[in-house]
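**Q** Top to bottom, those sequences are chains A and B. The first sequence begins at 54 in our numbering and counts up one residue at a time. The second sequence begins at 855 in our numbering and counts up one residue at a time.
If you're looking for bench data, these hints aren't it; they were derived computationally from the structure. These numbers were taken from a predicted model, which means no experiment stands behind them. Wrong hints could be hidden among the right ones.
Straight line, CA to CA, 25 Å or less: simulated DMTMM-like cross-link-like pairs of lysine to aspartate or glutamate [what the hints assert, rightly or not]:
1. A:Lys422 <-> A:Asp102
2. B:Lys980 <-> A:Asp383
3. B:Lys934 <-> B:Asp858
4. A:Lys422 <-> B:Glu884
5. A:Lys462 <-> B:Glu884
6. B:Lys934 <-> B:Asp909
7. A:Lys149 <-> A:Asp265
8. A:Lys462 <-> B:Glu879
9. B:Lys953 <-> B:Asp903
10. A:Lys422 <-> A:Glu246
11. A:Lys80 <-> B:Asp903
12. A:Lys149 <-> A:Glu205
13. A:Lys422 <-> B:Asp929
14. B:Lys974 <-> B:Asp867
15. B:Lys974 <-> B:Glu941
16. B:Lys974 <-> A:Asp76
17. A:Lys66 <-> A:Asp98
18. B:Lys953 <-> A:Glu121
19. A:Lys462 <-> B:Glu882
20. B:Lys974 <-> B:Asp903
21. A:Lys462 <-> B:Glu941
22. A:Lys80 <-> A:Asp383
23. B:Lys934 <-> B:Asp856
24. A:Lys422 <-> A:Asp448
25. A:Lys462 <-> B:Glu915
26. B:Lys990 <-> B:Asp959
27. A:Lys80 <-> B:Asp856
28. A:Lys422 <-> B:Glu915
29. A:Lys462 <-> B:Asp867
30. B:Lys980 <-> A:Asp76
31. B:Lys990 <-> B:Asp903
Counterexamples of contact, computed for chain A against chain B with all Cβ distances above 12 Å [what the hints assert, rightly or not]:
32. Asp67
33. Arg73
34. Ile211
35. Gly397
36. Pro400
37. Lys462
Not close to chain A: a few residues of chain B, all C-beta gaps over 12 Å, as computed [unchecked claim]:
38. Leu857
39. Gly876
40. Leu877
Quick reminder that beta carbons are idealized off the backbone N, C-alpha and C, glycines included.
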Amino acid sequence: MDGLLPDLDVIRKDFPILERTLDGGHKLVYLDSANTSQKPQVVIDAMVDHLERHNANIARAMHQLGAESTAAFEGARDTVAAFLNAPSRDEVIFTKNASEALNLVARTVPLGPGDRVVITEMEHHSNIVPWQLATERAGAELRWFGITDDGELDLSNIDELLVPGTKVVALTWVSNMLGTINPVAEIARRAHEVGAVVVLDASQAAPQLPIDVQAVGADFVAFTGHKVTGPTGIGVLWGRSELLNAYPPFLGGGEMIATVTMEKSTWAPIPHKFEAGTPPIVEAVGLGAALDYLSHIGLDAIHAHEVAITRYLLAGLASVSGVSVLGPLDAARRGGAVSFELAGVHPHDVAQLLDSRGIAVRAGHHCAKPAHRRFGVQASTRASSYLYTEPAEIDALIDGLEYTKSYFKVG
Amino acid sequence: MDLDSLYQEIILDHYRTPHHAGLREPFEAEVHHVNPTCGDEVTLRVHLDGVTVVDVSYAAEGCSISQASASVMTDLVIGKPLPEALEAHAAFLELMQGKGQVEPDEDVLEDGIAFAGVAKFPARVKCALLSWMAFKDAALQAQGVSS
Ligand SMILES: Cc1ncc(COP(=O)(O)O)c(C=O)c1O
C-alpha cells in the first residue's frame, strides 16, 4: 500500500499499549485516536524521568531541581514554538487542553454590543459554547458558516457573513466528525480584510498535518496535547504577540503578575501573563517529547500515512452494504476520522459489538451535535486512525461490521 | 465479554417492536430527557387518573438498550397505581446500579429482568435508565398537576 510509514512495525513497537489483549483474548484494535491518541514509550519515559529525577516547581524554586524543572518546562515551550513555526516562543501559552485555550481567547478578545463573531456548523462544542457565552456577555451577534451536503464548509455566503464589524472568525482546521480539511488560509485572508481576528482550532489538524502558523495567517491557533501522542492535562494556545499583549489576563493568580499591592496588580509579560498558578509541568515535558517524536518521523510522512489508511478505510466501508459515510469521500482532502452510519443498528450497539472483538471506536455525537443535526442524524460511529494504525486493523473493523450486521440480523 | 447477556432476545424483541411507542393525548406532564454523553433522547408523557397511571407515551431516539428499556418500562407501569409504578422504578434502578450483583425479582420487573446483564456494562447503564428517569420525573410532575 503506497504512502504507509515505511517502519510501521517499528513505530507500533513504540506504543506499548498496542500489545494489550482485551477480554476474550482479542488483540486491541485502537481506532479512536481522534478522541485521544496512544502514547509512545519516549513520552512515558520523559514524564517518569522528570518525576523521578527533576521534579520541582518552576520559576519560583531557587535550587538545582527548580532550575532543571524550569529548563525542562521552558524547553517544551521551545519545542512547541518550533512545531508551530511560531515567530516567538513567548507567543506559546500552555493551557490544560484545547477547550481552555479557546475559552482563553473567547474570554479576553474585546467584544462589544453589535459586534459579530462567525464560527461554523462543524465545530466541536469547545469552539461553539465559548463563543455563545462571549457573544451573550457582550451583546454581540453569533453567526456561522453552514455545511454542504458533501461535508465541506459552505462558503457561498462568505460576503454576507464576513462584514465590517466582524471581530472574530473562529473555525476548525480539520473537523473531528466529518474529517473535512477546511481552507483555513483562504478564510483567514478574507477575515482579515474585514479586520477580524482569526482563531483556528487545530485539535485535529496538529496530529496529522504540518502546522505553520505564519503561513496559514491566523491570529490564534489552539491544540490539545493528548491527541498528538502527548499526555492529557496540557494544551496550547499560540497567539500573535500584539494581541496577547493587548488583551487582558484570563485567570489571575501566582506567576502571572509583575507586582501586586492590595489595591492593584500589574501583569507579567507574555506568555506568563496567561499562565496563572503552577502549570502542568510534567505534562508539558511529555508534550515536548511527543512533538519531538512526531517531528522526528515527520508530519508529511504521518499525513501521507493517514491518507493511505483513510483511503483503505473508506474503500472498506464502501464494501459493507448499509454503511453510509458522513463527510468527504476523497481521502486526500480529509483527515483520518471517519464517521458513518450502519442502517438498522444504532452506533452504541455498533460500538458495543466491535468492542466485544477488541475494536475501539467512538459512538455518539463526538461533541459535534450541530454537525450531526445538519445531516439529520443523532449519533454516528467514528473510526479514527493514526500513525500507528495498520491495514490489518481496518480489515478487523470491516469484518466486525459484517459480524455486527449478522448479530442484529440486518442487511 | 458476554454479548448475549447484554443483548437478550427479549431486549432485541422490544427494540424491534416497541410497545406503547408514540406520543398521545391526554397527558398532564411531558418531559424531555437527554443522555448528554451519547445524545440519546426521549420525550415522554404521563397521563394519570387519580393515582392510576393510565398512559405513558413516548418518542425515543437511541440505541437498542434505551429503546427496549422504554418499551419494557411502559408495559410495567401502565395501568398500575403510581406508588407501585415507582416501586418498579426503584427496583429497576437498584438492578442497574448493582454492578451485576443484584438478583432481579421477576414478579416486580417482568421483562425488565432481561436487563440484569446491562448492569455489567457501566457504559450502557445510563441507556437503560433514560426512560425510567423520564417516567419518574413526568409522573411526579403529573401528580403535582392533578393533586
Ligand atoms: C476539533 C476539536 N476541538 C476541540 C477539542 C477539545 O479538546 P480537549 O477536550 O482536549 O479540550 C477536540 C477534542 O475533543 C476536537 O476534536
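**Q** Hints first: check each against the structure and report whether it holds.
**A** Here is how each hint holds up against the structure:
1. A:Lys422 <-> A:Asp102: Distance ~41 Å between Lys422 of chain A and Asp102 of chain A Cα, so the pair is violated.
2. B:Lys980 <-> A:Asp383: It is violated: about 37 Å lies between the C-alpha atoms, which goes past 25 Å.
3. B:Lys934 <-> B:Asp858: Judged against 25 Å, a Cα distance of about 31 Å means the pair is violated.
4. A:Lys422 <-> B:Glu884: Holds. Lys422 of chain A to Glu884 of chain B sits at ~23 Å (cutoff 25 Å).
5. A:Lys462 <-> B:Glu884: violated (34 Å)
6. B:Lys934 <-> B:Asp909: holds (10 Å)
7. A:Lys149 <-> A:Asp265: holds (22 Å)
8. A:Lys462 <-> B:Glu879: violated (35 Å)
9. B:Lys953 <-> B:Asp903: Violated. Lys953 of chain B to Asp903 of chain B sits at ~36 Å, over the 25 Å cutoff.
10. A:Lys422 <-> A:Glu246: Violated, at roughly 31 Å.
11. A:Lys80 <-> B:Asp903: violated (56 Å)
12. A:Lys149 <-> A:Glu205: Measuring from Cα to Cα gives roughly 30 Å; hence the hint is violated.
13. A:Lys422 <-> B:Asp929: Measuring from Cα to Cα gives roughly 32 Å; hence the hint is violated.
14. B:Lys974 <-> B:Asp867: Judged against 25 Å, a Cα distance of about 21 Å means the pair holds.
15. B:Lys974 <-> B:Glu941: Since the Cα atoms of Lys974 of chain B and Glu941 of chain B sit roughly 22 Å apart, the hinted pair holds (cutoff 25 Å).
16. B:Lys974 <-> A:Asp76: Holds, because 13 Å separates the two Cα atoms, which is no more than 25 Å.
17. A:Lys66 <-> A:Asp98: Within the cut-off at roughly 14 Å; holds.
18. B:Lys953 <-> A:Glu121: Not OK: Lys953 of chain B and Glu121 of chain A at ~47 Å, beyond 25 Å, violated.
19. A:Lys462 <-> B:Glu882: violated (39 Å)
20. B:Lys974 <-> B:Asp903: Violated, at about 37 Å.
21. A:Lys462 <-> B:Glu941: violated (35 Å)
22. A:Lys80 <-> A:Asp383: The hint is violated at about 30 Å.
23. B:Lys934 <-> B:Asp856: With a Cα-Cα distance of about 34 Å, the restraint between Lys934 of chain B and Asp856 of chain B is violated, given a limit of 25 Å.
24. A:Lys422 <-> A:Asp448: violated (29 Å)
25. A:Lys462 <-> B:Glu915: The given pair, whose Cα atoms are some 20 Å apart, holds under the 25 Å limit.
26. B:Lys990 <-> B:Asp959: holds (20 Å)
27. A:Lys80 <-> B:Asp856: Status holds; Cα separation ~17 Å.
28. A:Lys422 <-> B:Glu915: With a Cα-Cα distance of about 14 Å, the restraint between Lys422 of chain A and Glu915 of chain B holds, given a limit of 25 Å.
29. A:Lys462 <-> B:Asp867: holds (12 Å)
30. B:Lys980 <-> A:Asp76: OK: Lys980 of chain B and Asp76 of chain A at ~22 Å, within 25 Å.
31. B:Lys990 <-> B:Asp903: Judged against 25 Å, a Cα distance of about 16 Å means the pair holds.
32. Asp67: holds (28 Å)
33. Arg73: holds (14 Å)
34. Ile211: For Ile211 of chain A, whose nearest Cβ neighbour in chain B is about 30 Å away, the distance exceeds 12 Å, so it holds.
35. Gly397: violated (10 Å)
36. Pro400: The claim is violated: Pro400 of chain A sits with its nearest Cβ about 7 Å from chain B, within 12 Å.
37. Lys462: violated (8 Å)
38. Leu857: Violated, since 5 Å does not exceed 12 Å.
39. Gly876: Non-interface label on Gly876 of chain B holds, nearest chain A Cβ at 18 Å vs cutoff 12 Å.
40. Leu877: Label holds. Min Cβ-Cβ 17 Å, cutoff 12 Å.
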